[in-house]
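Protein chains: 4
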Amino acid sequence: MSFGSDNWAGASNRVMEVLAEANAELAPAYGNDHWTGRARDILSDQFEKDVAAFFVGTGTAANSLALGAYARAGGIVLAHTDAHLAHDEAGAPLLFSPGMQIELVDGPNGRISPKALAARLKSFGERDVHRGRPVAVSITNVNELGQCYSTADVAEIAALARRRHCAVHMDGARFVNALAHTGASPADLTWRAGVDVLSLGLTKAGAWCAEAVILFDPAMREDFAYRHKQGAQLFSKNRFAAAQFVAMLEDNHALGLATHANRMGRAVADALTRSEAAALLLPPQANEVFAFLSPAARDRLTRAQITFAPWQTRSAHAAAPPEPDWMLCRFVASFRTSDADVAALERALTG
Amino acid sequence: MSFGSDNWAGASNRVMEVLAEANAELAPAYGNDHWTGRARDILSDQFEKDVAAFFVGTGTAANSLALGAYARAGGIVLAHTDAHLAHDEAGAPLLFSPGMQIELVDGPNGRISPKALAARLKSFGERDVHRGRPVAVSITNVNELGQCYSTADVAEIAALARRRHCAVHMDGARFVNALAHTGASPADLTWRAGVDVLSLGLTKAGAWCAEAVILFDPAMREDFAYRHKQGAQLFSKNRFAAAQFVAMLEDNHALGLATHANRMGRAVADALTRSEAAALLLPPQANEVFAFLSPAARDRLTRAQITFAPWQTRSAHAAAPPEPDWMLCRFVASFRTSDADVAALERALTG
Amino acid sequence: MSFGSDNWAGASNRVMEVLAEANAELAPAYGNDHWTGRARDILSDQFEKDVAAFFVGTGTAANSLALGAYARAGGIVLAHTDAHLAHDEAGAPLLFSPGMQIELVDGPNGRISPKALAARLKSFGERDVHRGRPVAVSITNVNELGQCYSTADVAEIAALARRRHCAVHMDGARFVNALAHTGASPADLTWRAGVDVLSLGLTKAGAWCAEAVILFDPAMREDFAYRHKQGAQLFSKNRFAAAQFVAMLEDNHALGLATHANRMGRAVADALTRSEAAALLLPPQANEVFAFLSPAARDRLTRAQITFAPWQTRSAHAAAPPEPDWMLCRFVASFRTSDADVAALERALTG
Amino acid sequence: MSFGSDNWAGASNRVMEVLAEANAELAPAYGNDHWTGRARDILSDQFEKDVAAFFVGTGTAANSLALGAYARAGGIVLAHTDAHLAHDEAGAPLLFSPGMQIELVDGPNGRISPKALAARLKSFGERDVHRGRPVAVSITNVNELGQCYSTADVAEIAALARRRHCAVHMDGARFVNALAHTGASPADLTWRAGVDVLSLGLTKAGAWCAEAVILFDPAMREDFAYRHKQGAQLFSKNRFAAAQFVAMLEDNHALGLATHANRMGRAVADALTRSEAAALLLPPQANEVFAFLSPAARDRLTRAQITFAPWQTRSAHAAAPPEPDWMLCRFVASFRTSDADVAALERALTG
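Top line first, the protein sequences correspond to chains A, B, C and D. When we follow the working numbering, the leftmost residue of the first sequence carries the number 1, and every step to the right adds one. When we follow the working numbering, the leftmost residue of the second sequence carries the number 1, and every step to the right adds one. When we follow the working numbering, the leftmost residue of the third sequence carries the number 1, and every step to the right adds one. When we follow the working numbering, the leftmost residue of the fourth sequence carries the number 1, and every step to the right adds one.
With the rest of the complex left out, here is chain A (with noise of 0.2 Å):
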C-alpha cells in the first residue's frame, strides 16, 4: 500500500474508456484534431472566458513554458522559499528560459507572505541592470505545504506583483485539489483574482498524462504556440492528451476524484492524529498530509509495507520536530485511495 505520491495511482477506469473512444477513428496530428478542440471549449467553458490551452507532457514542461511567456533580459522569478519548480526540476525552467533567475521568498503554511513579498519588489531599484528586475511571481496552489491559497490570498498576492508590473503563474500540479478544498470555480481562483497563466496539471488527479499551460490572455496564442512546439511539448497524436482533459473536466469528473483524494487525505491526518507516534506540522487542506514521526512509527509504517516519504521544508516559519529524532514525512492520498487503505495505517501505526 502506498501514501508516495498521488502519481503512483494510475488512471480513473473513465480516462481510459475516453482513451479507447479516441483511438477509434483517423484524426489529423498535432491538435488540429476534433478532441483537441473539444478539450478547449471545455477549458474556456469552465474558465468562464476564451483561454489559449497547451497540452504539455510534464508539470515541469507546464511551469517551464508558462514562465518563459514572460521572460525577459535580466527577469527574476519570484517563489516560495519550497516551491517545486526551484528544487525538484532539476532547473528546467532556467534551460527553457536562459538568463532567468529565481528568487526565494518566504512564508507561513507554504504561502508566500505577501508583506515579505512587498519588501522584496520594493528591493529592486527601478533601473539596476546588475540585480535584474522581477518579472513574474509564482504560486503554487496546492502549496509544498499541502495549503491553498483562497481568492482572497491570489488576490493579494497578484495585487503586490501587478503594481510591480510582473505576471502572476500558478503552478496548478494539484489545482483541482484546490478547487475543492476552497470551493472556488476555476475563474475565480485564478484570473478573476489576477492569475496571467496556469499550470494546469490533472495527471496526479487521475489521468496518465494531461498537463497543459493555460494562458489567461488569448492573444498570447500564437506566440507560445511557437513556444510550444519550440519547447518540445506538442504531440504529434495530441488528440490522446486532449481526450484526457475531456474525461476529467466534463461531468466535473476531475473535482470529484479530487473531492474523494482531499477526503481521505483528511481521515490520513486523522489517524495520525490519533497516534502518539506522530504529529501533524498543518492540518492538511488537500489530499497531502505532512506530518513529523517517530523512528518507532516510520518502522512499524516500514515493516507493514506502507510506503510514505521522507520530507524537508526550508521555511524558516515550519515548527520544530516536537523530538529531534522525528522527522517530516509526507503521506499523499489519490483517487484510489480507500477507507480500507486508511484503517490499514491505522493499525500499522499502532503497531
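Hints are computed from structural coordinates only; laboratory data are not their basis. Heads up, a few of these hints could be off.
Heads up, the list lumps identical chains together, so a pair's fine if it works in one copy or across two of them.
What the hints assert, rightly or not - Listed below are the simulated SDA-like cross-link pairs for lysine to any residue, each with C-alpha atoms no more than 25 Å apart in a straight line:
no., residue 1, residue 2
1, 49, 30
2, 115, 325
3, 122, 159
4, 115, 323
5, 115, 318
6, 115, 316
7, 122, 222
8, 122, 221
9, 115, 314
10, 49, 315
11, 122, 162
12, 122, 4
13, 115, 320
14, 122, 277
15, 122, 103
16, 122, 307
17, 49, 165
18, 49, 304
Use these hints to put chains B, C and D onto chain A, whose structure you have.
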C-alpha cells in the same frame, strides 16, 4: 480517408490493451516502476547490448536531447539538406543546446552523400574557433524522402564521422519501417554500424506516445538522466510510456505493423504509377510515397476527400516535376491503411 | 607587411590621445560617466535622432545582442549565404538567443537578392509552428565580399522585411567604410532606409575596441540595458570604450580614416588588376579586395612576407576562378596602409 | 572625491605607456600576436605552471565562462549568500550556462562556512535527478565583505568540493588585493590549494580592461577556446588586452598598486573607527571597508561631496547596526587613493 500522415492513425489494439493492463495497480512514479524496467530490458534485449533508454513525449524531444548529449562549445551538427530536425522542429534542437549550429550536407535520395560529407568535414580547420567544429552527424532512417540507409550506408557515414571525432545520431522516427525494409537487425542498423544515439519513434508505427532516446554507451546513462529531467521529459506516470514500448516490441508487434504499412506504401506507389496524372519522385522504400501530381489529380483527390500533403524538398538532387504545374506531394500509409483505402485512392485518381 | 585584416592595425594616434585624456580623473563606473554621455550624444547627433547606444567588446557581441532584442520563440533570422554571423562567430548569436535559427538567402555581390528574399519570406506559412517564423533580416554593410548596400538597396530589403513584420539588422563592422563609399549620411543608410538596429564597429576603422549596438527605437533602451549587462558586455570602466567613440566620431575622424583605407583598397585592386597573375572577383567598393591569385603569385607574396588570407565564398553567384588552381584571396587595407605598402605589394606580385 | 568603487579609478600610467607601446606596429588579430603570447607566458610564470589564459571584457564574462566550463545537465553551483555572481550580474552565469542553478551557502565574514558546505553537499542524493547535482563551488577572494580566504581556507573548501567531484572556482575580481593581504603566492592561493579555475581581474587594480579566465588544467584550453569565442569575448585587437596584463604583472606592478590600495583601505577604516558616527562591520583585509554610518555622518559626507555606497548583506551572520537608523555603507580605496583623500574623509566625518 487520409494519407496525410502516419500520425493520423491512433494506437493499435494491442497497445490499448497493454495500457489497460499497466493501469491495474499503483506503481512508483518517475520510472521507478516495473513496466519501465521491463521496457528497458526488452530494448537491451532487442539491441543485443545494455542500452540506456529514456522515454520522451515527442520525436522533437528525442532529437533535441540526443544531440544535446554531444553538444560542445562551438559545436556543429551536420545533417541532410532536408533534415526534419533542421526545418520542422521550430529550432528545438537549438533551444536545448544553446549555441549549437546545424549545417546541411546534401546528397541524392534524402541521404547524406558520403563524398560531400567527407569534403565538409575536411573543410573544418583543426582549431578554427570562428567557424566552430563538427561534433555530430545526424542521419534520418527512414529519411525525409522515404528512403532508407542500409547498414552499409550507415557504416560509411559513421566511419567518416568517427575519423573527425563526431558522434553519429540517427533520427528514427520511422525506425521500424527501416528495419522492415532493410531486413537488418536493430543492432546491425545502429551501434554495430557506428551509431551512438538513436531517436527511436514508435508513435507513428502504432502507439499513442512512444518515443525514446537510446544511448548505446550505457556509461552516459547517469548524465543523461539529468538532461532528461531538465528537458522536462520525465513523465511522472512513466509506466504508461513504458507499457507502450512493451506492447510494441514484444513479439515484434511494431515490426508487423510497419511491414504492413510499408506494403501499403508500395501499393500506393503502384496506384500512383498506374495513373497518368502522377509520377513518383522515387520508388518508396517504406510507408511514405513522394510523387508529382497534376493539378487535375490533386483536384480529384480533394473532391474525394482524400487527404495528402503538398511537399517540398530543398535538395539540389531532387528530380524536377514532369510538368511545371505538377506539384510534389506526400502520401503516407499507416498500420491502419487497408487495401480498400488504396483502391479508393486509385479510383479517385482515375476520376 | 600585412594585408591580412584591418584589425591587424592598432589604434589611431588620436584615439590614443583621447584615451589618455579620459584617464585623467576618477569617473563613475558602468557607464554613468560623462564620457559615456558625451559619446551617446555624438551618436544621436550623427544619426540625427535619439538613439539607444550600448558599447560592447566585440562585433560578435554586437550582432548577438542586437538580434537577441528581436528574437522570439520559433524565430528565424534571414541573412546572406556568406553572412559573418552565420559562419564566423562560432554560433554566438545562437547562444545569446537560444532556439533562434539562421537561414541563408543568396544573392550576387554579397548582397541578399530582394527577389530571393521575397520568395523566402513568402514560403513561410502564417502559423507554421513546425518551421518557425521569420523575425529579422540581417544585412552586412560593407558586406562579406567588400560590396556596399546603397540607401536604395537597404530600403528595398527593409520594405520586404517590414511587410512580414521582420526587424532589419545591419552588421556594420565596416560601417564607416560603407559611408565613405556611398557618400550617404549615417541616418540615410540606416533608420531612414528602414534599419532597426545597427552593429556599429569602429575597431577596424582605427580604435582598439569600439563596438556598439545602436537601437533606433529609443523605447528599447531600458529593456536592452538588462540584455547588455546579462550578456556580460557592460564594461566597468566604460568611459574608455566611450572615449574611443568620441575620438572616432568627432570631426569625422573615423570617416577620414575609412576614406583613406578605401582609397588604399582601390590601389590594391589596381595593382592586382595590372598583374597577369591575379584577377579581381569584384571591383572593390571599400577597403577589402577579393581576387583570384595564381599559385605563382601566392608564392611570390609569401616569399616577400606579405600577409593576405585565402578566402571562401559559399554563394552560388560567385564567379569561378579563371584557372582551376587560382585561389580566392582577400587583401584588406587599413588606416595605416600606405602607398608604399601597395607599391611593395605590386613589386612582389610582378616578381 | 570618491570612495564609490575602485573601478572609478582609471588606468595606471604604466598601463597607458605599455598600451602605447603595443600600438606601435601591425599585429595579427584574435590573439595570434606576440603580446598575447607574452602575457600568457607571464601568467604561466607567475602561477608556476602552464595555465590556459583567456582575456575577456568583464568580470561577469570571466565568471560566466569559467562556470560554463564545468556546467553539466542538472548542475548546481554553490556560492556564498552574498556572492556577486548570484546577485549582481543580472543572471549572466545562467545565460551562458542555460539550466545551471546557483544555490547559496552562508557563512560568517563573507566566507562559505566549511561546515555548512559539507552539510549542503551531503544533502544531495546520489542520483536525485529532480533536485540536480552540485558541479562547482565558487568562492570570491577578496570576498563580498572585503575579507580574504587564506590558502588554508581555500584548501578546506576545495577538499570538500573535491570529495563530491565539484570543481572549484575563484572569483578574483580583486585577486591581487587578496595576494597583498595574505602574502600568499598566486599558485599557493589557487591551484595548489585546489582551485580549478580563476576569474582574474586586474581592472579594479589599475587597468582599463584586464580580465581573464585562468584554467589550471591546460588540457581544457582547446575546448575553452570555442567557449570563449562563442561567448563573444575574443577581442579582435586582443593585443591591447594582453598588453595590460603585461603591464600589470611585470615587476609586480599590480601587486604594488594593490598593496597601496589595501593600505589606504586600512587608513579609511582607521578614520571611521575614530569617528563616533561610524562603526566597522569588520576590520578590512583589503581595499574595501564596510561600516555602519549614522544619518548625520552620511549627511556630512554627502555635503562634502564624498562618494560612498549604501550597502546590503544577505548573510544571517552579519552584525546588526549599532542603532536602527545607522546604515551599512561601503568605502573602496584604489591605487589612486591618497593619504590626503583619507584625511579629507576624516575631516568630513568629524564635521
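Going through the hints against the structure:
1. Proximity of residue 49 and residue 30 under a CA criterion of 25 Å is satisfied intra-copy only: 24 Å inside one chain copy versus 34 Å between copies.
2. Proximity of residue 115 to residue 325 under the C-alpha cut-off of 25 Å is restricted to the inter-copy arrangement: shortest distance 21 Å between copies versus 33 Å within a copy.
3. Taking the shortest alpha-carbon separations for residue 122 and residue 159, only the intra-copy value of 14 Å comes in at or below 25 Å, while the best inter-copy value is 40 Å.
4. Taking the shortest alpha-carbon separations for residue 115 and residue 323, only the inter-copy value of 24 Å comes in at or below 25 Å, while the best intra-copy value is 31 Å.
5. Both within a single protomer and between protomers do residue 115 and residue 318 lie at most 25 Å apart by alpha-carbon distance, with minima of 17 Å and 23 Å respectively.
6. Within a single copy, residue 115 and residue 316 get their C-alpha atoms as close as 15 Å, and across copies as close as 19 Å, so both meet the 25 Å cut-off.
7. Only between protomers do residue 122 and residue 222 lie at most 25 Å apart by alpha-carbon distance; the minimum there is 19 Å, versus 33 Å within a single protomer.
8. Taking CA atoms no more than 25 Å apart as the test, residue 122 paired with residue 221 passes between copies only; the shortest distance there is 22 Å, against 32 Å inside one copy.
9. In this assembly of identical chains, the alpha carbons of residue 115 and residue 314 lie at most 25 Å apart whether taken from the same copy (19 Å) or from different copies (18 Å).
10. Within a single copy, residue 49 and residue 315 get their C-alpha atoms no closer than 36 Å, and across copies no closer than 46 Å, so neither meets the 25 Å cut-off.
11. Proximity of residue 122 and residue 162 under a CA criterion of 25 Å is satisfied intra-copy only: 13 Å inside one chain copy versus 40 Å between copies.
12. For a Cα distance limit of 25 Å, the shortest separation of residue 122 from residue 4 across copies, 23 Å, qualifies, whereas the shortest one inside one copy, 40 Å, does not.
13. Proximity of residue 115 and residue 320 under a CA criterion of 25 Å is satisfied in both settings, with 23 Å inside one chain copy and 21 Å between copies.
14. For the homomeric pair residue 122 and residue 277, neither the shortest alpha-carbon distance inside one copy (44 Å) nor that between copies (28 Å) is at most 25 Å.
15. Taking the shortest Cα distances, residue 122 and residue 103 sit within 25 Å of each other both inside one copy (14 Å) and across copies (23 Å).
16. Proximity of residue 122 to residue 307 under the C-alpha cut-off of 25 Å is restricted to the inter-copy arrangement: shortest distance 24 Å between copies versus 44 Å within a copy.
17. Taking the shortest Cα distances, residue 49 and residue 165 sit within 25 Å of each other inside one copy (23 Å), while across copies they are farther apart (29 Å).
18. Within a single copy, residue 49 and residue 304 get their C-alpha atoms no closer than 49 Å, and across copies no closer than 38 Å, so neither meets the 25 Å cut-off.
In summary, the numbered hints that this structure violates are 10, 14, 18.
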